[in-house]
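Q: Please put together the full structure from these sequences, using the hints given.
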Amino acid sequence: MKHTLSPQRYLILLAVSLSASVGDSLLKRGMKQIGPVSLGHLGLLWHALFNPWVMAGIVLLIGFFASYMTALSWADLTFVMPATALGYVVIALLGRFWLHEPVSPYRWAGILLIVCAVGFVANGPSRTEHPSTHHELDLMDSGNGR
Amino acid sequence: MHFATMPATALRSWSCILFVAALAIAGECLIAAAMRSLGDLDRLRTGSGLLGYAGPIRAVLASPLFLIGALCMALNFFAMLFTLSIVELSLAAPATASLTYIGNAVAAKLFLHENVDQRRWLAAVFVCAGVFLLSK
Numbered sequence: 816m817k818h819t820l821s822p823q824r825y826l827i828l829l830a831v832s833l834s835a836s837v838g839d840s841l842l843k844r845g846m847k848q849i850g851p852v853s854l855g856h857l858g859l860l861w862h863a864l865f866n867p868w869v870m871a872g873i874v875l876l877i878g879f880f881a882s883y884m885t886a887l888s889w890a891d892l893t894f895v896m897p898a899t900a901l902g903y904v905v906i907a908l909l910g911r912f913w914l915h916e917p918v919s920p921y922r923w924a925g926i927l928l929i930v931c932a933v934g935f936v937a938n939g940p941s942r943t944e945h946p947s948t949h950h951e952l953d954l955m956d957s958g959n960g961r
Numbered sequence: 207m208h209f210a211t212m213p214a215t216a217l218r219s220w221s222c223i224l225f226v227a228a229l230a231i232a233g234e235c236l237i238a239a240a241m242r243s244l245g246d247l248d249r250l251r252t253g254s255g256l257l258g259y260a261g262p263i264r265a266v267l268a269s270p271l272f273l274i275g276a277l278c279m280a281l282n283f284f285a286m287l288f289t290l291s292i293v294e295l296s297l298a299a300p301a302t303a304s305l306t307y308i309g310n311a312v313a314a315k316l317f318l319h320e321n322v323d324q325r326r327w328l329a330a331v332f333v334c335a336g337v338f339l340l341s342k
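Residue numbers (our numbering), protein chains in the order written: chain V, 816 to 961; chain X, 207 to 342.
Quick caveat, the hints were computed from the structure, so don't treat them as lab data.
Errors might be hidden in some of the hints.
[Stated by the list, open to error] Below 20 Å or equal to it, Euclidean Cα-Cα: the simulated EDC-like pairs (lysine to aspartate or glutamate) are:
no., chain 1, residue 1, chain 2, residue 2
1, V, 843, V, 916
2, X, 315, V, 944
3, X, 342, V, 916
[Stated by the list, open to error] Cβ-Cβ distance ranges computed for the label pairs, FRET-style:
no., chain 1, residue 1, chain 2, residue 2, range
4, X, 296, V, 931, 19 to 27 Å
5, V, 912, X, 297, 33 to 41 Å
6, X, 216, V, 915, 15 to 23 Å
7, V, 860, X, 324, 41 to 49 Å
8, V, 916, X, 274, 36 to 44 Å
Quick caveat: nothing in here was measured; it's all calculated off a predicted structure.
All C-beta atoms, glycine included, are put in the ideal place defined by N, C-alpha and C.
A: Structure representation (structure tokens):
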């Protein structure tokens, strides 16, 4: 059973937590320029696709999906979930230090709780080991195991 | 939101929130199951460089579990848009995030048979509490 992750896998988990929050912030920045979209003016959404901020946001969200699925290919869902939760912390910190939004004591407490949660899970095993491994299933599929 | 005076509105808000969370849980579990059955994507690479990613991408897109999961996530996106039009963001965002989070831990234990040990349960509770504090 493997408890430690290679540096490359830590990089992918870092990409999972950073890309979603930064991507959302970029979308938010772009949509602020576009203005409110009503049901009668859905054409504005097509227009929004060509806004550079929105484009950058979409690229990052595609990157998020790719790194998220890569992480799920070698780790449990319950192991990867805290990494995505770290994104809430990144958004709050971006708001505090980049957009200079005030962060209330409640928010700092929330940030602390999420960071603790990530610490608990990151210390444990990344993958549940099941008695029938992939290797055995592959053997059965190929017929060599019989 | 006036929960005490308008129970019908509150009921509608919470059914929307529950529906959004349920779609997210179904989508994430299906995608996680698909990725687990594919195994480490690095093994599927067809060569070095960007072209080498054709192998993993083809394998993922050919997985029915992934396709149903992605459909759930797409429906989740539109359900969330609808929900945001009748429920304020400061309730809808943390409520769906927390419910999805706890629901995912339960579903991962029940359906994916993941070993959700004490520290993972504790983490799920901490994240939910943290998300609610962040929304204050």
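Q: Which constraints among the numbered hints does this structure fail? Numbers only, ascending.
A: Numbers 5 and 6, in rising order.
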